[in-house]
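A.B. asks: Chains as they are written, first to last, in this note's numbering: chain W, 1 to 320; chain X, 1 to 395; chain R, 1 to 690.
Quick caveat, the hints were computed from the structure, so don't treat them as lab data. Backbone N, C-alpha and C fix where the C-beta goes; we use that ideal spot for every residue, glycine too. There's no promise every hint is true.
In silico PhoX-like cross-links for lysine-lysine, where the CA-CA straight-line distance does not exceed 25 Å [stated by the list, open to error]:
1) R:LYS111 / W:LYS307
2) X:LYS95 / X:LYS7
3) R:LYS638 / X:LYS16
4) R:LYS113 / W:LYS151
5) W:LYS262 / R:LYS111
6) X:LYS16 / X:LYS95
7) R:LYS111 / X:LYS10
Pair by pair, the computed Cβ-Cβ distance ranges are [unchecked claim]:
8) W:LEU160 / R:SER510: 43 to 51 Å
9) R:GLU401 / W:GLN109: 51 to 59 Å
10) X:GLY137 / W:ALA215: 52 to 60 Å
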Amino acid sequence: MSELKQPGMKPMAETEARARAGAVASGSDKPTGAGAHVSGRHPMEAGKGAQLGRTIAFVGLVVLGVMFLVPFAFQVLVSLSTVADVDLLTQLGFPPTLKPDNYEGVFEQVPFAKYYFNSLFVAGWATLLQVITCSMAAYAFSRVRWVGRDKVFLLYLGTLMVPGVVLMVPNFVIILELGMFDDYTGLIIPAAFSAYGTFLLRQFMLTIPSSLDEAAAIDGAGHWRIFTQIILPLARPGIIVLAIFAFLFNYNSFFWPLILTKSENLRVLPVGLLQFDSTYGSDTPKIMAASLMSMIVPVILFLLLQKYLVRGIQLGAVKG
Amino acid sequence: MAEVVLKDVKKVYDGKVLAVRDVNLRIEDGEFVVLVGPSGCGKSTTLRMIAGLEEITGGTVSIGDRVVNLTHPKDRDIAMVFQNYALYPHMSVFKNMAFGLTLRKMPREEIKRRVGDAAKILGIEELLERKPKQLSGGQRQRVALGRAIVRDPAVFLFDEPLSNLDAKLRVTTRTEIKSLHKRLATTTIYVTHDQEEAMTLGDRIVVMSAGRGTGVVEQVDTPLNVFRRPANRFVGAFLGLPPMNFVEGVLRREEGGVYFVGEADGVRVLMPEDGNANLEAHLDVPVSLGVRPQALSEQPIGAFAGRDNTITIRSDIIETLGKSIDVSTTLPSGRHFIARIDAREDFPVGEDVTLHMDMQHVHVFEPGEFGRNLLHPPSPETSPAMNAGEELAGV
Amino acid sequence: MIGSGRKRLLIALLFLLPNLAGFLLFTAGPVVFSLYLSFTDTSLTEHNRYSDASPRWVGLDNYARLLWGDESVFFWDYFWNTVFLMIGIPLSIFGSLALALLLNSKATPAKPKSRWLLSGVAAAFTLIACFGTWVLAAPDEAARAVMSTETGLTDLTVYEVQTLRRNGLTLFVGLVGVVVTAGLGIGQMFFRAAFYLPTLLAGVAMFLLWKTLYRPRGGLINAVLDPILGAVETMVEATPAWLWYGLGIATAALGVFLSVRLTVTGVGRLRHGDVGPAAFGTRVMLTLTLLASMVGLGVVLAQLPAKALLPSGYLPLTPEQSDRALASFEGELGGEYDELEFTAVRSNFERGPAFEDLVARLASIKSEEATARVQRHVAETTRRAAEEGVLSREEAVASVEAFIAEFDVASAPASQLRELVADPDRTPQLRVLVDAMSVALVRTFGERIADVLDPLAPADGAAFTKAGAGRAIDAVAEAFAGEFEPAAIEAVRRELTTVAYRDAYSQLVSIAGEDNEAAVAAILTETASRDRAGLTAGAGLEPPEWLISSRWAKTALIIMGVWLGIGGGNMLLYLAGLSNIAPELYEAAAIDGATGWQRFIHVTWPQLAPTTFFIVIMSTIGGLQGGFEQALVMTQGKADTIVLTYYLYNLAFNGNFQLGLASAVAWIMFAIIFAMTAFNFRFGSRMTNE
């Protein structure tokens, strides 16, 4: 496919004019990338066929959009019902009695605020530590030449291939032996490191030209200064992506907290929700309310940082 | 019949951006026409409108005697060769070439025959089973050509096909394209920004520019005519390497005739008597003198030799090119000036030399980038700009 | 770079240290450790700091136990579960591709101006639509006093039901409107965000939501399925059965025919060298899928009459029929169920209503009539419409007395009425008075019915049997001949004296086991009355019970998995892939004459091959390890949903903490994953290179 990506000698201005002019415009059913065509009497889409196609596509999008959002709407309605009315909701479409104090009730029945705090605390620290350790490691792998660098990196890569199941048991034992069981450290420390994060940042840093380092060295900067003042700022997009991934992963992480903690005041949201469900399983409205509350943080994060997240996934795969 | 006629064609993007306007062309059956111009002049846009890849905002395009504005590209009986080859990467060369025919449900034997013939013409028979990524750039381009040939269309369209090739390959492929055209005699419309390609390939060339706020056609004629009688300063500057020199000055009537006087650079040249009446109408107003580098010589040359048409410059830099040398200098006015003269030993460097001009390759232009050619204007049909009584300033 | 080799090494290690430490401790080390563990019989209950025992080396013993030894029965069962759950993966991948294509189709307006305009219009429309719904679906005022008769809703008045439905409908209309407005205003990004939402919120919260959605009675899924299945039932009921047999056979035959044709064409093309072996392989896979689907569909269609025949399953079994059915059941399946449970079922079948309930039920037939009569009376006596406001106390008292006199109200209800209007401080609203009077009328009537029933009632306050209730109802109908509408009496008779076919079926199956379903159906068939002779009876098309049913639980998880994953990372990858396709390819294809579909097959799909390849590999790796969290949260492993990872968890953390065995499971899984990845790689790169 490289042939098609050869830097075209095509004069910039023409492509530019097309791109400038036709930012999107309703084009054909199939994507046309940069330089799209204007709608209307385009011979490739002349006729009602294409216009109809686009309308159908929009309708399809709306239908799917509604289908994806309806469960959440349902969840909100359930969270506002009384326990007795939950089963009737689908026949009625609206709770007979609105009970917004279900939300308060969640806090009364379980230490929900603590769960929330725990999740944010653990995720926050894990993210911070991960960013620090992975960026430092990525620096070592990409900007310093040292004996055995590539072999060690290969080792890192190799472990990416190992399925997580294999690590379940031994990590449990190790945490136990280290006395980090049922403690914040047990949740944070193992998550403070990530081979994937190192890999991601290294790939990112590789795109920074080494001439910058060299110029700085000539100016008298040592490694640490180069790292903090040149590389880190330039690698910021990658770091943001890693931070988002790490935070979301740790916030939603269920399995590790499940096996690594026991006491109630160490519970994180996913485990707490599960516990809530097994104990008060019949109180569906409260469970739904609790779930909804736990969804707030990721949603806000997503809305603010959507494009970084999207870019990050695509980045990760392309390099993969 | 496969002539292509463009009438008042114009292209507007998004209701606002005017990319190309007033394109009127008549391309005869079997002709090889090249659209040439700098970036942004609308040549690719025009080609794509002919192909059906762009909507035609105004005017009509006809192929044969059908107006094809709303016809789907596949029904226009055209074939196109893209700058990036656009070969289907997962198909073999054979299948790439056969694709269009397969879609048209041609019988398998017929397809085989056509592809085989085309492959033979292009010399790519051994490559038929390979995939594009196993081919070199030149080979891929030939496959792209082959794909166009097998369709046996009424019109070939080329969109800067040689831009991705290295210099040497470009030249050889150019020749191949030309001989292909001779052999197949299909109407061909070819877009390039390289004026050398345009000059060597085209039966006629269409010079387009972007300078007047949008893409327009400056001149349409045979390469030789466009070269010899550029419609305006832009065309004159665009064609020819090294590019035409320009000296600013005025026309004055003095005893002996009409002189071009460039006081800043100390230039004084006598205009030929059979000079255009236009010269008379432009006395004592600023004009530009255009001198092709090849029009200079140490000896008097050309029809008006020895008649007060010399220029004295200081030979700042000499570049040897084998049979000729390029003498470069900076005129007092700050402009650059290059003369390409026959080589001789001991050509003085850093000294003043006096060179004679061949007045047949010297032009006088109105001021401004698109100033019309006053001395050797082309025939009006070839240049819409000459006809239109429009504002030509737009500097 | 800077500094000498040794210095560089030192610096690198310094930078690397925290990360490397974590790596060795939590990743590299554990891998080795895990391998070691798998060769031992480590078990935390035996080998911990309080015991003296230490783990023994057992070599390949663990593996042997898992693969063909005493644990193998579990292992392979869970392995099969894991694989089964992976069926959703191709669906999910194609779905992601479809969503990406849809998002890329430029269906949303692009120019900012048109976006504002269109979304503004849409917003206005939404408001109007919501308002319109609110107004048009307004509840019926007259229904304020009538209780709803729909199952489950009998505590609400019809008015309330209508109000709630109106609210819900307005909300739904609003939701659709918001989606349209946002779609037009924000464009592609809005839909992309909506599709990505499930992936973003992945985890326990989502699983809990779906647990609610999957509730058999109150869940959204069945709420949507129910009417659909009901419609199918009606359709089947209305058409002759041979139509469906024919349709089923035709579909299956068509499937076979198409498959054969596709294969033949494929072979032909292969031989002529038009396509390579990998493309042929794809064709074979697609053909097999087509064949399986169409034959499957055909089988389902052909069986529809059998399954759907008794439309609502409410066909009643009379007491005599119930007795016969129970006797056959005992005879044929005796010994395959618990006697106590059978006794309970029998008493369910026999037990009828209590005396008071029968009286009330019969009396309530008259309630509408009563209300109407009361309203008339009140209107006449007070010269006011029944809904208007409040009477003065004198008026109220007068009206009540007149009422009692005219209708000869029984004493108990009469005194209650008098009490109602006696309080000088509180005069009741007219509406309340009307209601109370209607109730009084009904009760009066009820007393008359009770008089008729008294001799027939069972001794010492026991409830009627179903048979007894039937006789009682006959007596009442006769005594009050002409006062009851036959249809109403019939409805009561049906309700109180029969067992619904569906209930009989499900009760018997629940004690006899699902394996005996067919036998139960056959037994009931012979005894139930039918209007359509010669056809076998089914239980009606019921929506499945999903997470509770061992037949449907895994399917439920698959469906949820698809919903959760379809708009996620894969979709984003495809979007990126699509935007990387050179436009010239499409242009060349258009000039060559390809239609939209052909452009997809020959340009889009091949260009996306590397992306697809990557996605398939990652999905396989993920799929073989997945399913644990879902199963834990939603079914706790019941209904046959345990996957390998869950098995591992159980071994290691529930019960005996058998770490050695669990580690062996992990490594077997590793081997499987490795093999599948290698296979995918080999197979896949040949496909991408074609």
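A.B. asks: Taking each numbered hint in turn, which are not upheld by the structure, reported in ascending numerical order?
C.D. replies: 2, 3, 4, 5, 6 and 10
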